[in-house]
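Number of protein chains: 4
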Amino acid sequence: MSTDYVPSREDRFSFGLWTVGWQGVDVFGSAVRPPMPAERAVYKLAELGAYGVNFHDNDVFAFDATPAERDERIGAFRKALTETGLVVTTATTNLFGHPMFKDGAFTANDREIRRFALAKVMRNLDLAADLGARTYIFWGGREGAESGGAKDIRAALDRYAEGLNLLCEYVREQGYEIRFAIEPKPNEPRGDLYLPTVGSVLAFIATLDHPEMVGVNPEVAHEQMAGLNVLHAVAQAWEAGKLFHIDLNDQAPGRYDQDFRFGSANVKSAFGLVKFLEDVGYDGPRHFDAHAYRTEDYDGVRDFARGCMRTYLILRERARQWNADGEIQALVAELGQRGRRGLGYERLDQLTMELLLGVRGENLS
Amino acid sequence: MSTDYVPSREDRFSFGLWTVGWQGVDVFGSAVRPPMPAERAVYKLAELGAYGVNFHDNDVFAFDATPAERDERIGAFRKALTETGLVVTTATTNLFGHPMFKDGAFTANDREIRRFALAKVMRNLDLAADLGARTYIFWGGREGAESGGAKDIRAALDRYAEGLNLLCEYVREQGYEIRFAIEPKPNEPRGDLYLPTVGSVLAFIATLDHPEMVGVNPEVAHEQMAGLNVLHAVAQAWEAGKLFHIDLNDQAPGRYDQDFRFGSANVKSAFGLVKFLEDVGYDGPRHFDAHAYRTEDYDGVRDFARGCMRTYLILRERARQWNADGEIQALVAELGQRGRRGLGYERLDQLTMELLLGVRGENLS
Amino acid sequence: MSTDYVPSREDRFSFGLWTVGWQGVDVFGSAVRPPMPAERAVYKLAELGAYGVNFHDNDVFAFDATPAERDERIGAFRKALTETGLVVTTATTNLFGHPMFKDGAFTANDREIRRFALAKVMRNLDLAADLGARTYIFWGGREGAESGGAKDIRAALDRYAEGLNLLCEYVREQGYEIRFAIEPKPNEPRGDLYLPTVGSVLAFIATLDHPEMVGVNPEVAHEQMAGLNVLHAVAQAWEAGKLFHIDLNDQAPGRYDQDFRFGSANVKSAFGLVKFLEDVGYDGPRHFDAHAYRTEDYDGVRDFARGCMRTYLILRERARQWNADGEIQALVAELGQRGRRGLGYERLDQLTMELLLGVRGENLS
Amino acid sequence: MSTDYVPSREDRFSFGLWTVGWQGVDVFGSAVRPPMPAERAVYKLAELGAYGVNFHDNDVFAFDATPAERDERIGAFRKALTETGLVVTTATTNLFGHPMFKDGAFTANDREIRRFALAKVMRNLDLAADLGARTYIFWGGREGAESGGAKDIRAALDRYAEGLNLLCEYVREQGYEIRFAIEPKPNEPRGDLYLPTVGSVLAFIATLDHPEMVGVNPEVAHEQMAGLNVLHAVAQAWEAGKLFHIDLNDQAPGRYDQDFRFGSANVKSAFGLVKFLEDVGYDGPRHFDAHAYRTEDYDGVRDFARGCMRTYLILRERARQWNADGEIQALVAELGQRGRRGLGYERLDQLTMELLLGVRGENLS
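Protein chains in written order, with my numbering: chain A, 1 to 365; chain B, 1 to 365; chain C, 1 to 365; chain D, 1 to 365.
Just so you know, the hints here were simulated from the structure itself, not pulled from any lab data. We put the CB at the ideal spot given by N, CA and C, even for glycine. Hints are not guaranteed to be accurate.
[Unchecked claim] Using C-beta positions, here's what the derived DEER-type ranges look like:
no., chain 1, residue 1, chain 2, residue 2, range
1, B, Gly241, D, Tyr5, 48 to 58 Å
2, B, Asp209, D, Glu278, 54 to 64 Å
3, C, Arg115, D, Glu278, 25 to 35 Å
4, B, Asp4, D, Arg115, 58 to 68 Å
5, B, Glu47, D, Asp299, 48 to 58 Å
6, A, Arg154, D, Asp299, 21 to 31 Å
7, D, Arg115, C, Gly241, 50 to 60 Å
8, C, His210, B, Ala330, 50 to 60 Å
[Stated by the list, open to error] Just some of the chain B residues that point at chain D, by a computed CB distance under 10 Å:
no., residue
9, Gly24
10, Phe63
11, Pro67
12, Glu162
13, Leu166
14, Tyr293
Let the sequences and hints guide you as you build the complete structure.
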């Protein structure tokens with residue numbers, strides 16, 4: 001088996017532009033890294049072995065860019081794509097950064113804001129279609145509330161559905177080959193966000209006019225923030241035919257949104273997830289939605305991006321070993337035939353840990 | 001407005017038999033209260049003003065009861081119901097207490113156990129129908145895993161669905177007027193439980209053969225264990241027409257399953273939930289699925305049960321005050337018309353807190 | 001008893017300048033409110049009934065202010081204090097905002113940064129002494145790590161102690177009447193922060209050269225982020241004679257740092273804390289370290305600040321009622337004399353809840 | 001380096017008798033495994049390579065054993081120790097299982113219960129001394145409360161201290177070579193436990209009459225329940241000279257007390273802890289305080305116990321590799337000399353992960 005763990009385009013690794021472009025601004029401190037134009041991120045990611053990028057509209061051009069500025073920025077981005085061969089796997093609208101969205105976009109109580117948000121999405125859908133993106137992500141970063149009285153939840157959910165219905169209609173009218181993926185998150189930056197979990201998104205999709213056009217974009221960190229088992233969530237999405245995309249990163253449960261390097265917080269959970277994606281034949285992007293520690297300069301950002309991919313490749317290799325390990329597979333074959341005896345799960349789990357840690361050697365069946 | 005907060009049958013309060021019958025056995029200690037036969041629980045609950053009960057089969061008779069013992073126990077229970085006029089609102093199968101279910105019932109790897117579980121449910125469905133229960137609860141207390149390799153999650157979800165499909169068919173064949181309600185829980189007693197949240201249950205229902213027969217039974221504590229906003233979950237279930245039942249209790253987030261007295265941990269959240277149920281016209285049981293502290297004797301259990309109902313009634317009164325409060329309603333009327341100004345949520349939330357604490361006096365609009 | 005809940009200076013309410021000056025910048029969005037100069041915050045807080053303020057050096061003047069700018073800003077601040085009569089209760093050094101502190105200040109691996117940090121503190125200690133502050137707060141917002149290998153924890157704790165020892169020495173040499181209070185926090189903005197809890201700070205103080213000069217500044221939200229009982233922590237600090245200050249706000253457990261209005265998330269916990277502070281005769285500032293929701297303009301900020309104080313006053317009144325309630329006090333008198341009977345805690349807790357909700361009426365003993 | 005990971009007595013592995021003897025009783029289900037007498041546990045643990053055991057008094061004999069029964073049970077236990085050569089590293093009193101302790105032992109409001117508890121400890125201290133235990137553990141499993149009014153926290157802390165002072169005095173009078181180690185836990189089985197964290201225990205010790213006799217017994221799972229970094233806590237205890245013992249196991253944050261096999265939930269955290277213990281030269285027992293999944297029979301219990309030790313040995317080997325890895329050590333040497341550049345923590349952390357996963361090969365410096 002390969003032991004060099006150097007990514008190639010066939011591995012289908014992608015990154016958000018923001019993930020390498022994040023300057024380190026947080027609630028308590030200012031930027032630690034200079035701005036990174038979108039095109040520069042594209043060149044860097046191509047060098048490292050990625051095959052695609054996701055972009056938020058305002059990763060490429062500023063919210064208040066003039067048409068000329070917008071065109072110039074898109075042009076540079078497009079040129080970088082052409083030169084590197086990177087694809088745009090997905091696109092997104094930033095509906096959370098600007099003060100106008102402080103109470104949400106699709107679920108804002110103010111009708112004008114809801115309308116503005118829809119227009120912003122439509123405009124970026126045009127761009128996304130033009131750039132070849134086939135999946136459009138919705139992360140409702142301000143769709144929520146801190147105070148129970150602030151929003152009528154039923155109205156909020158209705159408005160959320162209404163917005164997505166209208167956008168599905170728009171995509172159909174335009175004839176775009178784009179499908180939607182909603183990304184759940186339980187909280188932060190709002191006290192509580194609507195559609196907090198993969199399950200709630202799956203249930204919500206069933207209420208839409210075109211459920212076949214809409215899937216889910218689970219993010220490891222977002223499920224883990226709520227202490228939920230991300231693999232169980234991903235498996236439910238897969239079974240429902242709704243795993244349209246996935247965001248890989250890491251996170252300690254019960255904390256602020258950490259967006260750590262994939263596999264760096266809970267490698268056992270990451271292993272289970274990689275194994276699942278590979279076993280079921282998920283063929284979408286292995287997308288990293290994380291960022292380098294704020295302690296790093298751009299060398300550290302490169303280490304971060306490379307590390308995400310390397311860890312995926314190591315875990316993929318471990319997953320293949322697990323499937324080929326005679327002792328492990330013998331235990332697996334027995335599951336369901338042990339009657340009321342002890343079920344052997346301690347042994348299976350320990351063998352898995354030892355395999356993960358690289359001390360199983362070859363136990364091929 | 002009433003200030004005595006004495007429950008009556010019209011308030012539709014119900015309790016699980018186990019809630020008053022719990023003897024205080026936990027992982028670290030033995031029983032602190034003597035056993036309470038089901039019929040005794042019925043008489044006690046009737047005295048306190050409840051109108052209904054839920055029962056697990058093994059709350060009434062032991063797992064290994066002989067047919068004669070079973071009949072005797074059911075007879076005593078039935079007699080108590082007749083004498084008190086209490087109704088059986090819901091019934092449940094205990095599929096978690098016996099060692100045979102240590103790896104689950106519907107999702108057990110062992111086929112014999114899955115079959116036994118289905119037979120146990122069917123037998124209790126017959127009893128439930130006979131006793132007039134219209135809702136049958138499924139809480140999969142052992143449907144989960146500690147170790148990723150132990151169960152194939154997709155197979156587990158398939159088996160879960162297969163079990164429920166078969167039971168739906170059974171209910172239809174028998175002509176019972178019973179519908180199902182699945183109760184989610186994120187973890188405990190298993191490391192991770194399948195169908196961890198209200199959202200995941202709603203999504204799961206859509207995959208069943210008879211989704212119209214199956215709804216959700218949200219439990220306050222179970223959503224709060226994962227730090228999720230229970231009202232948001234309940235609202236999504238309501239909007240989907242799936243709020244078939246509700247379990248009221250309380251819980252600090254990120255801890256063991258506490259099953260505290262309703263409103264005793266987070267009264268603001270409880271207020272929001274009561275207000276929602278009353279505002280939308282939920283007409284099912286206000287069901288308490290909690291227990292008295294282990295420090296208590298049966299006097300304390302009575303205080304606990306009475307407290308659950310009193311707190312509900314107090315919060316219901318507060319909800320009506322909120323709807324009638326002129327200053328609050330003026331703010332609510334403005335939601336959506338404040339443009340990009342400040343949204344007034346601090347003021348609205350503070351007024352709500354003051355109303356909740358009983359210092360708003362009369363501010364009728 | 002008073003029912004108007006209008007704060008007066010005798011109530012000893014104070015606020016951080018940042019609490020009303022926060023512009024709403026977070027990880028996901030930009031400023032929603034214009035900047036508020038320190039002097040303006042002073043006038044506003046005085047109007048609302050506060051008696052004091054805390055300031056971080058860079059709340060008053062910018063990190064890179066020229067001497068002239070610094071003097072001008074301090075002059076305006078001082079003038080506002082004089083005109084309003086507000087006191088400076090406490091001061092703090094901002095050792096977390098500037099990029100140079102990205103890996104900490106006292107615990108940074110880089111010696112130059114540690115030295116710079118000490119010099120920054122000393123300079124601000126001079127200002128604090130001059131402005132009459134008697135307590136100096138240390139919150140080590142970047143003293144921590146994301147990665148286990150990044151810092152030697154033992155070295156980090158040694159450096160932390162070394163820094164505080166040096167600063168104690170400085171205060172003694174200068175003859176300032178200032179004592180220190182360390183504010184613990186478990187995480188955010190670092191993956192893990194050193195000295196995460198009140199207990200860890202108390203233990204750390206014992207290792208310093210002048211433990212008598214150093215106490216703890218518990219913050220409600222910071223203990224609750226880790227799901228800990230803040231009252232238990234405060235009580236331990238009080239018993240140790242180390243409750244030098246307290247930061248009041250609110251927070252849902254297991255989430256990002258929310259800094260909500262005091263009492264708005266868990267009012268029962270807030271009640272217990274107010275009751276404790278009043279019962280033991282804590283005579284320091286009742287300090288609010290929170291901020292208005294990002295949805296608000298400066299009217300909402302005023303509502304927020306007023307709400308913090310009003311809630312405290314309501315809860316203080318409720319605490320007095322609890323101490324005067326005959327039925328409650330009869331139960332309290334019995335604690336310890338119930339032998340192995342049930343302990344009556346359900347009843348006591350329910351009475352407490354009803355008192356809190358304002359439905360106990362008068363039950364004076 | 002060794003790759004067989006077979007424990008020997010020199011590795012100083014110990015287990016609680018309860019860890020292998022736990023029958024699987026939890027809140028939701030009954031025993032799944034037959035009882036295991038203490039002596040049988042000793043023989044089993046000896047076979048597996050352990051060198052010592054901890055015992056709770058009621059692990060060896062029942063709470064209500066007659067003197068003859070007690071003697072017989074102790075005799076069998078002692079015989080097993082003699083025959084196997086296992087040592088008794090530590091002993092403990094069960095002050096949580098019996099209903100009389102439902103509101104605590106040292107902190108119970110009822111004076112008679114406090115006295116009984118002290119007598120129970122003294123009697124077991126005699127036995128512990130006789131069996132050669134040098135450390136005596138205090139885990140206050142019921143020392144806490146669910147309701148704020150139930151106990152006066154200050155009185156509770158005073159009583160806790162009073163109890164320990166008296167017991168220190170007893171040990172001194174008897175001339176036993178025994179020191180105490182207090183084990184913190186944040187919650188479960190009580191709503192909140194007193195002395196919830198390592199920090200709070202360290203601070204509490206300073207208030208005792210003989211602080212030199214008392215240390216801390218950190219448990220991995222207990223710190224992680226509160227989402228705290230267990231290594232940071234252990235390091236603070238070590239620096240204070242108070243790491244008298246350690247309980248190794250594993251746990252997902254923000255959940256019920258899981259007591260999983262060491263390293264099975266968060267292997268990166270386990271690695272950091274093993275590395276610390278080995279690097280600083282901790283020479284106490286590597287004690288496992290965990291249990292096998294409830295799905296297991298006694299074969300699974302054996303797998304569990306063996307797995308704890310194997311994982312420790314693997315991680316110890318990995319720690320040595322980390323210290324010998326040239327690339328890693330070069331980065332470590334640079335810490336503190338990178339000025340305001342990026343700090344290289346992403347790279348260091350990724351190298352650590354790769355080393356942990358066994359793909360670093362030999363990079364000896």
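Hints the structure violates: just list their numbers, smallest first. Hint check: 4, 6, 7, 11, 12 and 13 fail, others pass.
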